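Visitor: The lines below spell out each chain.
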Amino acid sequence: MTTTQPRRDNKPRTPQGKAAAWGDERLRVAGPLRNQLNKVFPDHWSFMMGEIALYSFIILLLTGTYLTFFFDPSMAETIYPKNGTYVPMRGIEMSQAYKSTLDITFDVRGGLVIRQIHHWAALLFLAAMLIHMFRVFFTGAFRKPRELNWLIGLGLIGLGIVEGFAGYSLPDDLLSGTGLRIADAIMKSIPIVGSWVSFTVFGGPFPGHLIIGRLYIVHVLLIPGILLALIGAHLALLVRQKHTEFPAPGHTEHTVSGERIFPTYAAKAGGFFFIVFAACSALGGLAQINPVWLFGPYEPRAVSSGSQPDWYMMFLDGSTRLFPSWEIRLWGYDLPPLFWPTVVLPGILFTLAGAYPFIEAKMTKDRAIHHLLQRPRDVPVRTSLGVMAITFYLVLFLSGGNDLIAKAFDISLNAMTWGGRIALLILPPIAYTLAYRVCLGLQRHDREVLEHGLETGIIKVLPTGEFIEVHQPLGPTDHHGHGTLSYSGTPVPKRMGELGAMSPIKHVRGFLWPVKEKPEIQAALDEYEEQERAALESHSSDQHELTD
Amino acid sequence: MSTTDETPDVVSHSTSSELSSPTGHNEENRPTAEELREMTAEERMLAGAAVDGVYVVHRRERFPIRGTKAEKRAERGVAACFIIAALAGVAFIVCFCALPWHWHLPGTPQNFRFYTPALGGLFAILMLFMGIGLVLWAKWLMPEEEVVQDRHDIASSEEDKLMTEATLAVGLADTGLPRRSMILRSLGLAGGAFATVPLIALIGGMIKKPGDQLFHTLYRRNKKMFPGTDGRVPLVYSDWRQVSPDDLQPGSIATVFPGVRQDDENGFNGLTSASSPVIVIRLRPGQVVHARKGQAGFGWPATNPEYVAFSKICTHAGCPASLYEQQTTRLLCPCHQSQFEVLEDAKPVFGPATRSLPKLPLDVVAGSDGRQYFVARDDFDEAIGPGFWERP
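Residue numbers (the working numbering), protein chains in the order written: chain A, 319 to 866; chain B, 286 to 677.
Please keep in mind that the hints were generated in silico from the structure rather than gathered at the bench.
Some clues are possibly wrong.
[As the list claims (entries may be wrong)] Here are the simulated DSS-like cross-link-like pairs (lysine-lysine), alpha carbons at most 25 Å apart as the crow flies:
(1) A:836 x B:354
(2) B:446 x A:560
(3) B:578 x B:632
(4) B:446 x A:462
(5) A:560 x A:357
(6) A:357 x B:424
(7) B:424 x B:354
(8) A:834 x B:424
(9) B:357 x A:836
(10) B:354 x A:834
(11) A:462 x A:357
(12) B:357 x B:446
(13) A:560 x A:462
(14) A:834 x B:357
(15) B:424 x A:560
(16) A:462 x A:683
[To be verified] Coverage of chain A stretches by chain B, computed from C-beta distances (three or more under 8 Å per stretch; other residues unrestricted):
(17) 768-775
(18) 778-784
A quick note: this is a predicted structure, and the numbers were derived from the prediction, not measured.
Glycine is no exception: its CB is placed at the ideal position from the N, C-alpha and C atoms.
Given only the sequences and the hints, what does the whole structure look like? Please build it.
Guide: Laid out in structure tokens, this is it:
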């Protein structure tokens with residue numbers, strides 16, 4: 319708050335002042351701290367996707383730590399006790415891992431809700447990262463100088479998928495055991511070293527006695543450590559390079575505008591963390607997820623229909639279902655069909671995504687530094703490529719649940735598979751073409767509004783009997799009545815309301831009865847409003863002089 | 286709230302817009318301590334921001350006139366959010382301690398069902414209102430600001446580049462590496478060793494040789510364990526009961542295992558080994574299996590077989606191919622929907638699988654109770670489960 323009292327010396331007088339001096343004398347932080355407090359964050363809703371990913375990662379760390387207090391990553395066989403809480407499992411043989419998951423669910427007060435929050439947060443973490451990636455892609459935020467952060471982000475998504483898979487495999491239930499069995503088959507499909515890889519990972523023939531313990535340390539230490547380091551690097555690069563921002567009046571390549579981190583942005587971002595946590599918590603409390611007690615412990619002989627993995631693995635499941643039964647025999651050796659959709663395909667997808675910034679720079683010969691974003695419509699080729707990739711991904715994703723779709727809509731399962739195979743080939747090019755046309759159409763409409771002005775909805779009859787609609791030009795016009803403003807990458811207003819015309823009516827405040835301020839406050843308010851109006855008027859007359 | 290400007294050069298019409306402007310870096314006109322002491326706190330804050338290349342181009346109190354009813358209402362609104370959050374916290378603690386939470390069988394009181402939703406919901410309310418309160422606080426009560434920060438172009442200054450390059454070049458020359466190739470190469474060797482050793486040590490500790498383990502199962506003849514049947518392994522159910530042909534109705538199936546109770550070298554017995562599960566199918570009268578080459582006598586009876594047995598492990602990705610459609614005589618794997626035609630000796634007819642399910646040669650022996658029981662005449666004649674490189 320503003321104090322008018324000038325300070326005469328640098329002796330701290332308040333307790334917080336003394337504490338600040340204590341810290342500064344040891345760390346010398348006054349300069350750098352102020353610098354960070356003053357850092358400017360742009361305010362745009364699409365920038366919150368990355369925040370959601372970051373916050374859900376924090377939620378995962380918190381809830382995951384809680385779960386480690388109770389979980390026992392052991393494959394030792396045990397028998398669910400005869401007096402165990404969950405009656406249907408009494409006397410059934412299972413691993414310690416599965417039993418301790420049941421204990422978290424049934425015998426730890428509030429354990430189930432934390433386990434479910436953890437699982438929901440994991441789904442949210444990956445979804446937010448993917449959508450954040452789409453935002454960065456479609457707005458061109460990956461361009462120089464941010465290619466490194468694009469690659470780090472891609473690494474985060476790849477590791478996040480592995481982390482999620484390791485995590486949902488830990489309970490050693492029937493569903494996740496089936497997933498591990500498929501993972502084993504995928505390893506075996508690798509040429510030359512496949513069976514060695516599988517035996518090394520599982521410590522012998524599948525399932526071995528080690529995999530849960532190994533996945534556990536991978537899940538709670540190894541990958542989270544790498545994720546944490548990569549997130550740190552991702553954010554450090556963001557601070558170093560500063561945010562991108564959409565083109566707008568006053569936005570330049572040399573500045574970033576928005577709000578300072580302290581206090582406004584900190585309050586908003588901190589509040590948003592709690593809102594994300596609230597969403598995860600509501601899901602964890604109200605929406606059941608991964609009810610392992612219904613699946614039962616893993617047994618190699620058993621499987622249930624409708625075995626779907628978590629959503630981020632579904633595209634691999636789908637690609638595996640759609641891939642034709644092609645097996646290659648080479649000089650007496652075997653290349654199984656599983657190799658192509660589960661090893662080669664994700665390899666190609668991640669390589670293409672990682673190479674994209676460099677490919678685009680090469681194709682467009684654009685070596686400039688970019689801090690201002692592009693509207694997707696202004697880069698139709700990139701936008702259409704993105705839409706094409708998303709279409710490809712969606713076909714794979716839906717095919718991962720094609721048995722459920724077949725059941726729900728009473729379609730033949732084989733027809734679903736063939737439909738998926740055909741759709742995978744023909745939908746992406748169609749999506750490309752459509753997206754391209756939509757981009758061009760939107761571009762054209764922007765130009766049209768800039769040239770002819772906004773439709774006002776007012777129809778006029780000319781003396782000749784002709785009907786015309788009156789258009790409101792957005793700016794100065796030439797002698798044909800055409801607008802002279804050129805397109806500059808910012809949204810063009812498309813409705814009269816977006817022009818920000820002030821309503822001439824002074825609204826009466828108050829819900830049930832008018833708000834009555836005290837007379838002296840009302841007088842101050844009136845005076846203030848009068849000043850503002852005068853300032854605005856003098857300003858708009860200045861503007862007129864400039865444009866005329 | 287009456288600012289409607291969209292144009293770049295227009296700053297606000299509010300009180301403090303003149304205090305600073307985005308005119309470039311301000312390092313030179315850094316105010317002295319003496320000057321700073323003469324300023325108000327707000328002026329000092331703005332001066333500090335300007336030194337950091339941060340310019341407040343527009344700053345306006347949300348409620349320029351203090352004490353209006355609108356301001357009080359905003360303040361009350363934010364406080365109400367925090368109070369709701371606090372109350373939800375209290376309710377959470379009460380529910381956590383007081384609500385019934387122990388699982389009970391269906392048919393008994395199910396009031397434990399509210400425990401998890403109550404905890405999750407109340408925790409969500411606690412944090413939702415905490416979050417909304419913070420956001421509204423910023424949006425309703427903190428001054429609205431439009432702030433511009435210099436980016437400082439990413440690339441370094443020419444001077445820095447020249448000096449740093451020289452530092453690196455001279456440092457490298459000081460080591461002598463460019464001309465001492467012997468050191469460079471030997472160092473490369475040592476570095477290579479340093480990088481490889483931990484990898485070898487780790488992989489070496491973990492590596493397991495597949496050997497021929499993927500090529501045989503516990504159905505392999507074992508004379509030591511089963512001398513009575515000439516080493517042929519009996520087929521059992523998951524409770525170790527022996528499988529008799531009479532157990533199965535025509536058109537039905539059973540999942541069976543090798544009756545090996547002793548753990549193998551990997552610590553798995555007939556029931557727990559992942560390569561064990563086998564499906565025995567009793568055909569309906571009139572159904573004829575067209576046997577693959579070399580598997581003609583694998584069913585039981587050896588001619589015109591009524592019973593056939595296949596490995597349950599899908600040859601595609603290893604899931605159990607569990608679903609048997611009696612009408613179409615197809616076995617379906619629920620993981621990737623490969624379908625195997627039983628009458629064609631479990632040949633894949635749809636989906637991604639490429640190879641038939643391996644067939645177990647069946648035989649029967651007479652038990653001590655006079656009934657006939659299934660045994661495996663021998664191991665599968667090929668590797669079961671998903672494909673791999675060395676598979677012939």
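Visitor: If any of the earlier hints don't hold here, list their numbers in rising order.
Guide: Hints 12, 17, 18 are the ones this structure does not satisfy, whereas the remaining hints hold.
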